[in-house]
Amino acid sequence: MTIASEVLSSIQSAFPGAVLDSRVESDRRLWATIDSNKILDVCKHLSSKHNFDHYSGSAGVDWIARKEMEVVEIMASHGAHQVVAMLKIKTPRENPSVKSLTGLYWNANWYEREIWEMFGINFEGHPELYPLLLSDELMGAWPWRKDYKGYPDLTTGERAVEITTPDGYTQYRIPPTPAEVEAGTVVLERPKYPSFREREELEIKSDSEMIMHLGPQHAMVPGPFLLDILVEGERVKKAFLDVGYIHKGIEKIMENRTWLQGITYTDRMCYVASLSNNECYCGAVEKILGLEVPQRAQYIRVILEELSRIQSHLIGTGEFLTLVAGVGYAPWQYMIMDREKIISLIESVTGARLTHTFVRFGGVRNDLPEGFAEQCKKVLPYMKSRTEEFIELFAQDPIYSLRMENIGSIPAETAKRMGCAGRVLRAAGVAYDMRKEDPILVYPELDFKVVTGTRGDSADRIDVTLREILESIHIIEQCLDRIPSGPIKTEAKIPKKVPAGEAYYRVEDPRGEMGMYVISDGGDKPYRVKVRGPFYATFQTLTPLLEGVYIADAVAIAGSMDGCPSEADR
Amino acid sequence: MLKIKLLKNFSWPLKIATQEIEITRLYPEKMMELPAAERGIHELDATTCIGCSSCARVCPNNCIEMVHFKFGSPLKNKKMQFPQIDFGRCMFCGLCVDECPVECLKMGKKVIMAGWERKDIIKGPEFLATKRFSAKEVTDLEAEGKRIAAEKAAAKKAADAKKAAEAKNASKEGAADANGAAKKKAAATEAKPKEGGAA
Ligand code: SF4
Ligand code: SF4
Chain A
1 MTIASEVLSS
11 IQSAFPGAVL
21 DSRVESDRRL
31 WATIDSNKIL
41 DVCKHLSSKH
51 NFDHYSGSAG
61 VDWIARKEME
71 VVEIMASHGA
81 HQVVAMLKIK
91 TPRENPSVKS
101 LTGLYWNANW
111 YEREIWEMFG
121 INFEGHPELY
131 PLLLSDELMG
141 AWPWRKDYKG
151 YPDLTTGERA
161 VEITTPDGYT
171 QYRIPPTPAE
181 VEAGTVVLER
191 PKYPSFRERE
201 ELEIKSDSEM
211 IMHLGPQHAM
221 VPGPFLLDIL
231 VEGERVKKAF
241 LDVGYIHKGI
251 EKIMENRTWL
261 QGITYTDRMC
271 YVASLSNNEC
281 YCGAVEKILG
291 LEVPQRAQYI
301 RVILEELSRI
311 QSHLIGTGEF
321 LTLVAGVGYA
331 PWQYMIMDRE
341 KIISLIESVT
351 GARLTHTFVR
361 FGGVRNDLPE
371 GFAEQCKKVL
381 PYMKSRTEEF
391 IELFAQDPIY
401 SLRMENIGSI
411 PAETAKRMGC
421 AGRVLRAAGV
431 AYDMRKEDPI
441 LVYPELDFKV
451 VTGTRGDSAD
461 RIDVTLREIL
471 ESIHIIEQCL
481 DRIPSGPIKT
491 EAKIPKKVPA
501 GEAYYRVEDP
511 RGEMGMYVIS
521 DGGDKPYRVK
531 VRGPFYATFQ
541 TLTPLLEGVY
551 IADAVAIAGS
561 MDGCPSEADR
Chain B
1 MLKIKLLKNF
11 SWPLKIATQE
21 IEITRLYPEK
31 MMELPAAERG
41 IHELDATTCI
51 GCSSCARVCP
61 NNCIEMVHFK
71 FGSPLKNKKM
81 QFPQIDFGRC
91 MFCGLCVDEC
101 PVECLKMGKK
111 VIMAGWERKD
121 IIKGPEFLAT
131 KRFSAKEVTD
141 LEAEGKRIAA
151 EKAAAKKAAD
161 AKKAAEAKNA
171 SKEGAADANG
181 AAKKKAAATE
191 AKPKEGGAA
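Chains as they are written, first to last, in my numbering: chain A, 1 to 570; chain B, 1 to 199.
Rather than coming from a laboratory, the hints here were simulated on the basis of the structure. Some hints could be false.
[As the list claims (entries may be wrong)] DEER-style ranges, computed between Cβ atoms:
| no. | chain 1 | residue 1 | chain 2 | residue 2 | range |
| --- | --- | --- | --- | --- | --- |
| 1 | B | Pro13 | A | Glu128 | 43 to 53 Å |
| 2 | B | Gly124 | A | Leu354 | 19 to 29 Å |
| 3 | A | Leu354 | B | Phe127 | 22 to 32 Å |
| 4 | A | Gly371 | B | Gly108 | 17 to 27 Å |
| 5 | A | Leu20 | B | Ala114 | 52 to 62 Å |
[Stated by the list, open to error] Covered stretches of chain B, going by a simulated chain A footprint (3 or more residues, C-beta under 8 Å):
| no. | region |
| --- | --- |
| 6 | 35-44 |
| 7 | 88-99 |
[As the list claims (entries may be wrong)] Not the full set, but computed from the structure, chain A residues with beta-carbon under 10 Å of chain B:
| no. | residue |
| --- | --- |
| 8 | Asp167 |
| 9 | Arg257 |
| 10 | Thr258 |
| 11 | Gln261 |
| 12 | Gly262 |
| 13 | Thr264 |
| 14 | Tyr334 |
| 15 | Ser344 |
| 16 | Ser348 |
| 17 | Thr350 |
| 18 | Thr355 |
| 19 | Glu370 |
| 20 | Thr452 |
| 21 | Arg455 |
| 22 | Val549 |
Just so you know, these numbers come straight off a predicted model, no measurement behind them. Ideal Cβ positions, reconstructed from N, Cα and C, are used throughout, including at glycine.
The whole structure should be built from the sequences, with the hints applied where relevant.
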């Protein structure tokens, strides 16, 4: 199996002088600063020679003291090996511009757009560099740069221009400075985000076509996002996706909060998966601090994360089935009833039903209460029988199978190329699960299978989800048998200031691969936190998937991805 | 075949309908049983709070403000400053509870706090304190505090005087012993009326 040092030496021998700086953190993590001219060649080399077929995202970092910006490309493989290569490209702060990877990896599109709108780093060769999460009037403010002063530019008031719209609303706009125009970091002629009318005029070619809104407020969507579909008769011809309605700027907020306070913000990215988010952030910080988590705390974390996975799968599936089945609230009701039992279990430990803020650096907040194991042993067999019943029920229902089978299928190769995550990827038959790929806590000692599907369609996604619940139950049962007694927090004192360093930590969120890239500059606050969300990755694939399907199936496809726009927008 | 399947599916809701199910819909009539770990409204033990404002510093939402409250312990909390929490902003994360050095802040099972106005849910120590002193206890404690302070002051005075005298003794090595003793006595009597004034 390939390990990080081999990958590094391979790059070094293939491109002498391309690696400016490198660090092999472990067998599974490689940090390397690559010459920005050679990045495309290095990536090509990695994907062809070392199976780096998974472009897992990229992060921008503003090093204001060093007067440079950094783009960190996160590269991994879909199961061929476990190395994650963090390739850094440097660019001067005055005229930040790097080469786009969209030619090599289809899914680099959104990640680069986000970095462009947040940091003002230009991506040469990007096909459609226009805002993703921010609204138009914030463009040019580059809010995630370290010298951003707030909006409108509160300290000077110089850059914000007040505009009164015809309807009498006040808008602010931050026009680019002449220096930025000269540097070319601002695309002056960028495609403007079209209004509904403009889009209609632009796209509708014949009388038989029309544009339909699904969202931002729509019963189908679990959070606000806008899906405009151009339909001809019953067929979707083209889909337009607009996100950013629930952008909270969590990554920026976390830069302005202490390390400990940051935990509470990770909860709010996705409330049904808040324990995984906690784990991801705390794990990354623990890695920087070099903390060892006591065995008991590790088991508690695993138990709770698996419980949280079960409840997330239940709520996701129930919600989705309500939408497609059109039978009122029956599936929702059954699943929410079962979920209530799981939520009660979680609540008895963490004290909160949602947004748990439970995981701490080097441990957990509370110990398991008295009688928790007994309670679990009552609920889990019940859950198991219920889930089996659900699986059986869906397998035999003819209406369900008409509605779901062969709808929105993605072949394995496409799913990999598009960078889907979680159930969408696994339903396509790719056994890619962070619990196996990048094992954390006590997962390596536990016995469980990675559930996969075969066809990659909506029915398979639901089937995978339900069978994952069974696996989770199996994991929890093992944990309850093995959990040792002992401390729940590390003995080591956790400093207020985290020593300078960086870490990338991945967990298996209920929706797939979630990673957090945390940088510390030795202060009491994180220097940068980058969240690589699973649904962000999957969301991107929605538009191409919807082309050519029936309108009614649009709901079946979008819903089966178990979306959480809140986490995608962060 | 299809019909049998459909019929089988219909049997399912019937089965469910016969079960007794309890979810939160019983709410206004019957409260849900909350676990011991529940993170509800804060409970302050005013008798032990030391007014260190650690809780206010750690709160991510800045919802704790330190305010004056009469019924705490003046011995431990000299300035009588106690936390007041704005529940409009509080997210019940529990960081303040973890941070409290004397464990006087807890989160209880109380969860109802609706108000008509925003300021109604800013709850001061008056509302939060589950344990407090009565007015009489506070006056007693204050007196006690004064007495201790006075004792301390006296002890300090005496120690200072002693030191000064010793220093003098050391400098006037050849001087008569009686002289030094008399001076010491004078210093002690000087300090006494002041002590009385402080008490
Ligand atoms: S629970 Fe959290 S938000 Fe509420 S007062 Fe305490 S620290 Fe602040
Ligand atoms: S409640 Fe605790 S942390 Fe807050 S001021 Fe009192 S002693 Fe300090």
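A quick look at each hint next to the structure:
Roughly 49 Å separates the CB atoms of Pro13 of chain B and Glu128 of chain A, a value that falls within the hinted 43 to 53 Å. Taking the beta carbon of each, Gly124 of chain B and Leu354 of chain A are about 28 Å apart, inside 19 to 29 Å as hinted. A C-beta distance of roughly 25 Å is found between Leu354 of chain A and Phe127 of chain B, which places it inside the suggested range of 22 to 32 Å. The supplied range of 17 to 27 Å is met by Gly371 of chain A and Gly108 of chain B, whose beta-carbon atoms lie about 21 Å from each other.
For Leu20 of chain A and Ala114 of chain B, the Cβ-Cβ distance of about 60 Å falls inside the hinted range of 52 to 62 Å, so the restraint holds. A count of 5 residues in the region 35-44 of chain B with a Cβ less than 8 Å from any Cβ of chain A is obtained; the coverage claim is therefore met, three being the minimum. Residues of the region 88-99 of chain B with a Cβ under 8 Å from some Cβ of chain A number 6, which satisfies the need for three, so the listed coverage holds. Of the supplied interface hints, the one on Asp167 of chain A is violated, with its beta-carbon coming no nearer than about 29 Å to a beta-carbon of chain B, more than 10 Å.
Because the closest C-beta pair between Arg257 of chain A and chain B is about 6 Å apart, less than 10 Å, the hint holds. The closest approach between the C-beta of Thr258 of chain A and any C-beta of chain B is roughly 8 Å, which is under the 10 Å cut-off, so the hint is satisfied. Of the supplied interface hints, the one on Gln261 of chain A holds, with its beta-carbon coming within about 4 Å of a beta-carbon of chain B, less than 10 Å. Annotation: interface hint on Gly262 of chain A holds; nearest CB of chain B at approximately 8 Å, less than 10 Å.
Evaluation of the Thr264 of chain A hint against chain B yields a held restraint, the C-beta minimum of about 4 Å falling below 10 Å. Interface hint at Tyr334 of chain A: satisfied, since its Cβ lies 7 Å from the closest Cβ of chain B, which is below the 10 Å cut-off. The interface hint given for Ser344 of chain A is met, as the beta carbon of that residue sits about 8 Å from the closest beta carbon of chain B, less than 10 Å. At a threshold of 10 Å, the smallest CB-CB gap from Ser348 of chain A to chain B is about 4 Å, leaving the interface hint in force.
Taking 10 Å as the C-beta contact cut-off toward chain B, the hint placing Thr350 of chain A at the interface holds, the least distance being around 7 Å. At a threshold of 10 Å, the smallest CB-CB gap from Thr355 of chain A to chain B is about 7 Å, leaving the interface hint in force. For Glu370 of chain A, the shortest C-beta to C-beta distance to chain B is roughly 9 Å, which falls under 10 Å, so the interface hint holds. A hinted interface residue such as Thr452 of chain A counts as satisfied when its beta carbon comes closer than 10 Å to some beta carbon of chain B; here the least separation is about 27 Å, so the hint is violated.
Given the 10 Å rule on beta carbons, the hint for Arg455 of chain A is violated: about 21 Å separates it from the nearest Cβ of chain B. A hinted interface residue such as Val549 of chain A counts as satisfied when its beta carbon comes closer than 10 Å to some beta carbon of chain B; here the least separation is about 26 Å, so the hint is violated.
Consistency note: the structure conflicts with the earlier hints numbered 8, 20, 21, 22.
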